[in-house]
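Novice: Chain residues, written in single-letter form:
Protein chains: 2
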Amino acid sequence: MIKSWFECAPRLVDVAMGRTPADMVIHNVRWVNVHSGEIIPRTDIAIAAGRFAFVGPNADHAVGPATRLIDGEGRYALPGLCDAHMHVESGMVTVTEFARAVIPHGTTSMFIDPHEIANVLGMPGVKLMHDEAAGLPINVFVQMPSCVPSAPGLENAGASLGPADVREAMAWPNIVGLGEMMNFPGVVAGNGDMLAEIGATQAAGKTVGGHYASKDLGLPFHAYVAAGPSDDHEGTSLADCLARVRQGMRAMLRLGSAWYDVAAQIKAVTELGLDSRNFVLCTDDSHSGTLVNDGHMNRVVRHAIAQGLKPITAIQMATLNTAQHFNMERELGSITPGRRADLVLTSDLTELPVETVIARGRVMSSNGKLIADITPYDYPASARNTVRLGRKLSAADFDIVAPEGANQVTARVIGVLENQAPTRALQASLGVSKGIVQMDRAGDVCQIALVERHRGTGKVVNAFVSGFGYDKPCAIASTVAHDSHHMTVVGTDKGDMALAANRLGEVGGGVVLFSEGHELALVRLPIAGLMSDQRAEIVAEKANGLIAAMLACGCDLNNAYMQHSLLALVVIPELRISDIGLIDVLKFQATEVLVTTTT
Amino acid sequence: MIKSWFECAPRLVDVAMGRTPADMVIHNVRWVNVHSGEIIPRTDIAIAAGRFAFVGPNADHAVGPATRLIDGEGRYALPGLCDAHMHVESGMVTVTEFARAVIPHGTTSMFIDPHEIANVLGMPGVKLMHDEAAGLPINVFVQMPSCVPSAPGLENAGASLGPADVREAMAWPNIVGLGEMMNFPGVVAGNGDMLAEIGATQAAGKTVGGHYASKDLGLPFHAYVAAGPSDDHEGTSLADCLARVRQGMRAMLRLGSAWYDVAAQIKAVTELGLDSRNFVLCTDDSHSGTLVNDGHMNRVVRHAIAQGLKPITAIQMATLNTAQHFNMERELGSITPGRRADLVLTSDLTELPVETVIARGRVMSSNGKLIADITPYDYPASARNTVRLGRKLSAADFDIVAPEGANQVTARVIGVLENQAPTRALQASLGVSKGIVQMDRAGDVCQIALVERHRGTGKVVNAFVSGFGYDKPCAIASTVAHDSHHMTVVGTDKGDMALAANRLGEVGGGVVLFSEGHELALVRLPIAGLMSDQRAEIVAEKANGLIAAMLACGCDLNNAYMQHSLLALVVIPELRISDIGLIDVLKFQATEVLVTTTT
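Chains A and B, in that order, are what the protein sequence lines are.
Going by this note's numbering, the final residue of the first sequence carries number 599, and the count climbs one at a time with no gaps.
Going by this note's numbering, the final residue of the second sequence carries number 599, and the count climbs one at a time with no gaps.
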């Protein structure tokens with residue numbers, strides 16, 4: 001943990017006055033001043049105790065025999081980049097490995113919402129990621145998950161969190177606020193628990209994250225704002241972000257692996273001239289492949305600039321604006337005295353090549369390569385053995401029994417849409433053989449199962465799904481199954497479905513693909529069944545192997561395993577599966593798999 | 001006290017949804033949206049529980065039988081104005097009377113530093129104003145005074161405050177931070193007490209007010225910033241404000257009764273295009289006459305607009321920017337849901353006529369007239385009997401004895417400069433009669449005395465002063481004597497000096513003028529010898545009477561009694577008087593009144 005400003009102040013004052021040498025002096029940078037909005041050439045920076053001590057035209061007075069000197073060579077020095085809202089679990093790596101992956105991209109601060117691990121492990125899971133975050137050499141602050149389970153009554157997650165948990169978490173040192181309040185229908189209805197969670201966060205003086213995933217900007221939107229959430233990253237259109245900013249919320253503009261919400265909304269600044277201080281950039285969800293190949297917040301800032309935003313304004317949206325939003329302006333987000341000495345050196349303010357990254361006064365990466373040691377965090381056994389099936393599954397567990405005497409049925413089918421989170425509620429006519437409803441591989445109707453995996457009840461919920469295009473006998477199982485993270489199994493062959501499910505029980509979770517009895521790909525995610533403890537590069541490679549295997553089985557959807565992971569997301573329409581049954585997410589209630597039968 | 005947002009949230013949500021009626025609905029305003037920077041026409045506002053519940057195009061759904069309706073008639077609705085740094089005592093009235101005076105000018109939030117009463121009464125004085133502030137129907141937050149006495153070693157104030165007091169005060173509900181850290185030489189030298197006060201404030205998550213009253217923008221300035229103050233209102237030039245903003249401080253631009261620091265500094269925005277979010281407007285010191293005749297923050301905003309600033313930008317500097325600086329953005333400073341329902345209706349966004357003022361959902365004033373009842377605050381006897389002379393003074397107490405046998409002396413003389421706070425260190429040749437040094441009325445050299453009044457020691461320090469122009473036998477005495485607030489007496493006649501001093505002892509403080517044995521004017525300031533409990537109008541009228549009496553005695557300086565009140569301000573060069581003696585404020589040490597003598 002870095003010492004507080006006031007603990008360091010005597011030293012900082014002495015360094016600024018030249019009474020004692022700095023730990024590091026960077027000569028000759030172009031100071032990207034996010035406070036004034038200027039680029040100030042020929043600036044020196046002195047750093048001591050992990051904080052900026054002096055920023056001005058000449059820091060020679062702060063140089064002593066042991067001071068590390070860095071020649072800025074006239075490069076731009078910008079504050080380390082901040083991700084204002086994100087889920088580490090989406091990268092399928094630990095917080096530590098996520099940090100290792102993003103530091104070379106210039107990220108030095110992350111505001112993470114460990115919503116996924118909370119659904120599996122509850123408060124102990126949040127605490128684990130909180131503690132891991134606190135020990136890192138960059139700044140990782142935690143938002144307390146607000147909605148676990150996401151859809152009470154429609155699913156049973158591995159844990160359930162409420163106002164008392166929120167109150168408890170607000171006292172943890174690294175908790176920065178409440179994670180996205182997804183239960184907007186509850187908030188708007190005046191749900192006491194939801195308002196109490198918001199209240200506990202406000203009472204602690206912390207930031208309430210919003211998540212108003214609706215197009216309705218009428219009264220429910222206004223009521224949601226009146227309840228207290230202070231930001232929202234669910235806006236996708238210009239109208240969405242105008243409404244949010246006008247009502248005093250920060251518009252968080254999102255560019256994740258699968259989210260592209262910056263371009264439409266940033267027009268509020270580039271075309272309508274709105275005050276840019278209310279705009280904050282974030283990623284929300286980044287896959288390991290994105291981190292390895294494309295970048296992180298540097299990718300978002302670069303994209304925002306490409307939309308016509310002035311570079312300094314885009315950089316403010318990933319530094320000062322973020323810090324101000326979380327009431328951390330005096331702690332990070334700018335290169336000014338007292339703040340944590342987090343900065344990026346770059347030779348181009350539009351393309352943003354990240355040449356050097358310094359965090360808390362320590363050189364972390366150089367030309368895209370991490371050069372600092374970061375100690376791995378050792379997750380305990382309790383976080384590693386979370387796939388509890390209760391028994392060995394067999395092919396027969398996936399049988400969908402037809403009504404007595406039926407030889408044809410009409411069944412509800414979850415219709416997957418490429419590159420979209422919503423599904424469609426389809427229906428299909430399916431045959432019956434020996435009393436069992438049959439899949440229709442030619443018609444792209446295969447089976448989906450939700451296997452309870454938190455309490456070892458052995459429960460299996462079966463239904464049908466369409467849209468993956470599997471044309472071989474195969475099955476893919478995953479313990480990443482938003483948001484309650486049971487195990488979902490999709491397959492054209494029940495034997496493969498049983499093999500895949502049992503395999504994940506054996507390895508403690510992940511994603512696996514079996515075809516004709518053979519394991520074609522496996523991404524091991526032993527931590528809570530959600531995260532690997534390997535490097536992001538390795539996870540990205542394994543994930544590529546999985547995509548290749550899916551393709552070999554006939555599925556060519558973009559990011560197909562992500563589609564897979566959303567099939568149990570019972571807060572987004574139209575049809576989903578949960579441990580309770582097939583869920584109609586237009587009516588927010590369980591429904592039957594079979595509609596009609598013909599004898 | 002207003003209930004917190006989260007206590008009101010269930011009601012606010014219900015009002016926004018139309019499930020329960022609002023307390024007040026204002027139809028048809030032009031919404032001055034300080035978040036987005038827009039003016040949004042045809043907006044309705046619904047208010048409940050003293051907070052904004054809904055702001056949008058139509059609030060009819062929030063109207064019930066008991067809802068008070070106000071027709072906005074298309075006027076501009078702007079957030080209630082905030083004064084980011086000010087001393088109530090400068091108005092010579094209580095916090096309550098100050099509020100009564102400024103509410104009709106549109107002020108609904110004040111951040112006050114009770115530095116003066118702290119010098120007289122110490123922590124109990126700060127607590128009194130804190131408690132008075134907390135009970136008012138507008139928002140008055142208190143900054144804990146940081147430097148009492150202002151010049152340790154050069155004066156003894158009525159009390160002395162230190163880090164332990166600051167730590168204690170940070171737990172009081174209405175304390176918003178540390179008041180201006182005036183001891184910048186101490187900070188820069190690494191003084192442990194000063195850094196500890198800053199540290200206690202930062203540790204409480206509150207705002208450290210700055211006061212770097214120096215032209216030196218070199219290393220001492222940088223060291224001051226590194227110590228932690230987060231704003232500064234002592235800048236006067238463009239260079240001053242550029243330096244502050246670049247280093248991550250808020251530039252507080254001041255327009256007080258005698259401060260004119262906006263015009264030069266605002267060019268940073270109007271001409272250089274700096275990010276305006278770092279600029280905050282304040283008054284620092286307003287006399288009651290200014291409040292009665294000219295206005296308060298409306299005067300400052302109007303002035304800023306007259307300098308070429310866009311109205312919305314100027315308004316942000318007195319609303320949202322201030323709120324953000326004190327981490328109160330979610331509580332006040334904008335017309336958006338959840339915030340305290342403080343607003344001003346005006347028909348012109350440049351001249352800013354203040355037509356209606358609403359605070360916490362209550363109509364406070366209409367067309368410049370206060371229409372709400374405000375309960376006076378009853379100061380206890382301990383705050384009222386603070387002028388302790390210890391004995392009755394006589395003319396002989398003001399004798400300055402010449403050295404044995406001297407018939408001519410050269411004396412140091414405090415030279416008063418019209419409209420300037422600094423004095424000059426003059427010298428004058430003065431005659432001696434019967435062993436006593438004589439004044440030189442023709443040469444405008446009269447006497448000044450500092451009468452100890454906090455501990456009743458009976459001590460009188462005598463010296464000479466020039467520049468007031470008194471041409472009659474007279475004396476003016478004042479218990480407003482920055483910053484330690486002993487009693488200063490300036491006179492051409494020692495009998496009148498004794499009468500004036502004794503009179504203030506009798507009435508518990510104020511400012512009084514005697515001439516030839518008669519009392520020509522008296523401003524009673526019974527609370528700590530600093531404040532009246534009368535209306536600002538009455539105090540202003542009494543002060544005018546005093547100015548007229550001074551003029552009748554030959555003194556035509558602008559704001560002459562203010563000059564009088566600064567003669568003991570031992571932190572500003574060049575020559576001052578304190579209870580310790582005559583103070584050379586270039587050398588920061590006591591000096592002798594008499595330089596040489598001729599026999």
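Possibly wrong hints are sitting among the right ones.
Label pairs and their calculated CB-CB ranges [claimed, not checked]:
1. B:Ile371 to A:Ser237: 18 to 26 Å
2. A:Gln589 to B:Ile371: 32 to 40 Å
3. B:Pro185 to A:Pro65: 25 to 33 Å
4. B:Asp348 to A:Gly273: 18 to 26 Å
5. B:Arg424 to A:Ala171: 52 to 60 Å
The hints are simulated quantities; they were obtained by calculation from the structure and are not laboratory data.
Only a predicted model underlies this, so the values are computations on that prediction, with no experimental measurement involved.
Where is the CB? At the ideal position from N, CA and C, for every residue including glycine.
Novice: Now tell me if each hint is right for this structure.
Specialist: Taking the hints in turn, this is what the structure says about them:
Range check, Ile371 (chain B) to Ser237 (chain A): Cβ separation about 44 Å, and the 18 to 26 Å hint is violated. The given range of 32 to 40 Å is broken by Gln589 (chain A) and Ile371 (chain B), whose C-beta atoms sit roughly 55 Å from each other. Remark: the range hint 25 to 33 Å for Pro185 (chain B) to Pro65 (chain A) is upheld by a beta-carbon distance near 29 Å. Evaluation of the 18 to 26 Å hint for Asp348 (chain B) and Gly273 (chain A) yields a pass: the beta carbon distance comes to about 23 Å.
One distance hint, 52 to 60 Å for the beta-carbon pair Arg424 (chain B) and Ala171 (chain A), holds here, with the actual separation near 58 Å.
In summary, the structure is inconsistent with hints 1, 2 from the numbered list given earlier, while agreeing with the others.
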